[in-house]
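Visitor: Residues 28 to 162, numbered by my numbering, are exactly what the sequence shown covers, in order.
Derived by calculation from the structure, the hints in this document are not laboratory data. Where a beta carbon is used, it is the ideal one built from N, C-alpha and C, also for glycine.
Straight-line alpha carbon distances no greater than 25 Å define the calculated DMTMM-like cross-link-like pairs of lysine to aspartate or glutamate that follow:
id, residue 1, residue 2
1, K76, D149
2, K76, E116
3, K76, E150
4, K76, D113
Per label pair, the in silico range of CB-to-CB distance:
id, residue 1, residue 2, range
5, P158, G77, 16 to 22 Å
6, S126, A85, 17 to 23 Å
7, R79, H133, 18 to 24 Å
8, A155, G107, 24 to 30 Å
9, R34, P84, 52 to 58 Å
10, Y134, P160, 17 to 23 Å
11, L31, A154, 55 to 61 Å
12, T32, F159, 55 to 61 Å
13, G114, A39, 52 to 58 Å
14, P160, G125, 27 to 33 Å
15, G77, V130, 19 to 25 Å
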Amino acid sequence: MPELTRRRALTAAAALAAAAGAQSLLAPGASAAGHSHEGSLEPFDEVYKGRRIQGRPAGMDDMGGMQATGGGHHHGHGTGYAVFVDGVELHVMRNADGSWISVVSHYAPVAGPRAAARAAVDELQGAALLPFPAN
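Could you put the whole structure together from the sequences, leaning on the hints where they help?
Guide: Put into structure tokens, the structure is as follows:
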């Protein structure tokens, strides 16, 4: 039996890491089996830590109907999705990799708009979200 050298140990560790990475790429749903659908683009309306957070496609109103989109608002920066914290729009943006960021938690990408709203509430720590001025 050949002697175990540092080179062989590192090669074996790299092979195991590559195999584990390939397995997670081939079956991405398996790792998220027990988790909620944070990345879902379905409308949501909930109270999180005492704050009302809402999300919906940008052209929908609170009642699920279509709304007029005048006034120069650009809900979701082209994402087609609007997020609100206590009725004030939280500007969100979808990154190229599918993650989402908001104007409040810009450097902490999350899985979806609901997670972005929750991260903003966490970051605000009870402070009011101020309306973002439209140019």
